[in-house]
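Chains as they are written, first to last, in the numbering used here: chain A, 13 to 237; chain B, 1188 to 1616; chain C, 39 to 353.
Possibly wrong hints are sitting among the right ones.
Unchecked claim - Just so you have them, the derived chain A footprint on chain B, three or more residues with Cβ under 8 Å:
(1) 1191 to 1200
(2) 1539 to 1546
As the list claims (entries may be wrong) - If we take Cβ atoms under 7 Å as the criterion, some of the chain C residues that face chain B in the derived model are:
(3) ARG67
(4) TYR87
(5) ILE225
(6) ALA227
(7) GLU232
(8) PHE257
(9) LEU258
(10) PHE265
What the hints contain is simulated information worked out from the structure, not anything from laboratory work.
Built from N, CA and C at the ideal position, the CB exists for glycine as well.
Here's the letter readout for the chains.
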Amino acid sequence: MLLKLQHIQKSFINGRTKRAVLNDINMEISKGDYIAIMGRSGSGKSTLLNILGTLIPYDKGTMIYNNQKVTQLSFDQRSEFRKRHIGFVTQQFHLLHDRNVYENIKLPLNFMKLEKDKIKKEVNKVLEMLDLESFQKVSISKLSGGEQQRVAIGRAIVKKPDILLVDEPTGSLDEESEKSILDIFDMLHSQGTTIVIVTHNTAVSERCDKNYFLKGGKLSAPIIY
Amino acid sequence: MLIKELILFYKRNLNICLFVYIQITIFMVLIGTFYSFIYDLDFENSDMKKMYEDNAIYQMIDNYVDGNEFNKFVVQKDSLSKLKNFYNGLENAESFHYITIANQHLLITDQSIPDKFAYGYANGMEVPSVNVDNKVYKPIKSLQINLNGAKFFNLKAAEGKVWNEEDFVIQNTMPIILGDSYHDIYKVGDKLHIKYLEKDINCIVIGFLEKNSKIFYQNNLEFYLDDYILMPMWNYIMQPQSEFEARYQMMNYFNMINGYLVTKNNKNDINRMMQELESISKDASFDGYTFIGYNPHVKKYQDISVILQENKNLIKIILTMSCILNIILILFISYLQYKNERYYYNVFLIQGAKKSFIITLKFLEIMLIVLAAFLTQLYILNHLLKIGEFATYIKAGYIGVFVILSYVIFGTNLLLNNKELKIDKEEEV
Amino acid sequence: MIKLKNLIFISFFTVVIIFIVQIIFYNMRQNDLVLISNNFYTNNYTVFYDQDLEKWRNTEIGDKCRLFVEYDNNTRFCLENNEWNPPIIKGKFFSKGLKGKKAVVGKDIEKQAEHLNGKKIISLNNEKYEIIGILGGDFTSKSDSLVLLYGGEIPKQNRYKIVLDGDSKKEIRNITKRIMRQYPNLIHAEPDIEGVARVTGTLFFQRLLNLNGFILVCFLIFIFFAFWERMHKKENYVLYLLGVNNKRIMLYYIRNILANFTFSIIVSCFYILVVMKDINILVQPALIHILFGFVLLSVVIALGLLRGTMNKNFA
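One chain only, chain A, in its complex shape (with noise of 0.2 Å):
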């Protein structure tokens, strides 16, 4: 077992009012999962995503991480955890467009304090997994939605993170589009990349080896396929 969560609650104040959006929430993720978490817009998918990817610190619960307990950690702990540990895919990308691929996908490898010949050899590694090679020098305003995601992908997964996060990937794009993005992940997961999806697109989730659905601030039972 790689990641538990054992009765996460998380609520949001709006001025007076209080939101709980995470009721209960109990999920175990083990070496080389397929999950996919759905639900409809608002049920907290994402909200759930981002504790999984300690963005965001929750209210109750614990979290384990390789039967370590992960309790509530500081600001620079949980960047520490997320460096070594966590890969994430947003749905925006949330590329940086002052920079060509190369240095997006090179981003997170800075902060790792690696060689630069080891750097070189793993982003070219992802680009040539990505099949963005010919891409490399090009800066990021000049590509399309599909390859943006594919270089937000090879940012995540440049340095072999554990689990990798994936909030909506599909949701900006076409269908061809789509299915190499999907086809993408398939791939890594056959490679043996742990990967938590969250979407509300059945194509997506059919893809994937469990299914949760969150519902009324609580996770269902997984669904295995």
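With chain A's structure known, arrange chains B and C on it following the hints.
Showing chains B and C alone in chain A's frame:
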């Protein structure tokens, strides 16, 4: 990696960085100039205070204005020695300082000297050419002053030096000091040949006074020396060897016994001064002087002092408002920058960057701009405007420290106190 | 109910307008100090010596210059003043078309004046001059012994000292050149400037403060409107989505900006009248010109930024 990120930051925000650089440079130059200005103002004030406050200054003139009286005195056998003894008594007095100034013009052969230096120019007199022994001379403004006078008025040299005691001992070459306006005409070390009271004198330029050097003379607290040649009043101890020399010395000493007596402005000191003066007069057997016991200097000094203070207060108000607005501008820019850069910082943090990395990056971003502004300010104040001293530039640099701190604290606080790390859609570039 | 956005706008620009007013006030006061400490001459004045006075009565000196004849160090006759307004504590200065023998004197002279038929009088060469104004500042200065006379007979002298003064050094130089070309035998001398401008680096600092003020105000306008444009980005987009065309959006913002500026100016006037207690500043042409330019510049920058955003986002 920091350097690369810095380069990318400056590329992205070139316009606003230039903006900030120009604004901070001007702000620092303003503060530096202000400190220098206030320092000069206070210095001027304290200089004048030292001279005039608590001091009683009495004018003394000789009684031989009338030609007949003058001739009657001059033909006396011991008239010159009486004048010398009287002057020496005044010069060495213990209960007061004796200041003597004369504005006897000198003659110079150099006709190329501009008319503004000519004697009588300011009063609209035509500048005559004086013909002596088949040589054409130009009468030039000059002042003769004794050592006490030079010390009292705190004359300072911008180049070269001012007199010391040795320069008041008679020598072959007379050391002269020139006003600031002579800078383009002569330099330190230049030798001049002048005719003063019909006597040929060789002079050497030993220094130039600071611009706008002034003394109190002819009832004017602002008697500026920029256009003057200053000569030391020599004490001619030796006996004159000829009638010409005797006449020359006589004229000098008649100038030298007209002057000002300076003592502390209290009854005791003034009484002592009076008594000593009487004693000097008795010893020298010379009583041909009139003592003017009124004191206009203090009031005049106070007038200028009040105006300087008024000026200072006025500038302080404007400067305070300028500072407040500059601070508001810096805060606005910090906020806009925070909005612009938050996206990038959030992406870094998601990728595993630490707080310290972000803070260091923010610090360097602004510090380099402030450093550039500081160096520019240093160059402008030191080389271009040539005002202020090192301490002034450092004080101006405090602005830079404030800017860096406010930028980093304000921006980083907003960014990193936010526990929820997410990137809103509207933050997208 | 004023929205927060508009309140920020009004507050900010009230502060900026007050700053501009303070700079104008500073310049006025600084010029007064320079005058008072330099015997009521500016730093631009120049001197002529002439035996003939008559030609000076008809000499053309332009609208911004003035002509005096110095009788002695403290007394001068005013030949031409062209609506000059020196610092006056009480009364007024000589105006164009003034009739009779009038005097404007320093505080110390006023104390020595005679009283005749309810008027204060001073005499010079058996001529009586009515004192119509008191020169100077609210502190003592050497100008307190000054006497400026108008309308009387100027005592005959072997040589008259004529002083030409004005606010523009360039104009004084041009007039001097013209006069010297016309009368080459005239004696012309550059006088020694005295007072606060020479004792300290006041004039240089004044120019620096003015430059700083100008650049600061320009920067402030630009940065504020960059900030303001960000505040209105969403609103802008919504108006665009609703189908409102660019022209109408621009007009909407122009009205908004001008309304806010009006409030700012009203609050500033209130400050000037109540806190500074100086109504004279309000009627200064410099203030009116500067404020007009300032509002125009702001509108142009604001709309420029908005248009830039519109073109970028809605293309």
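Which numbered hints turn out to be false for this structure? none
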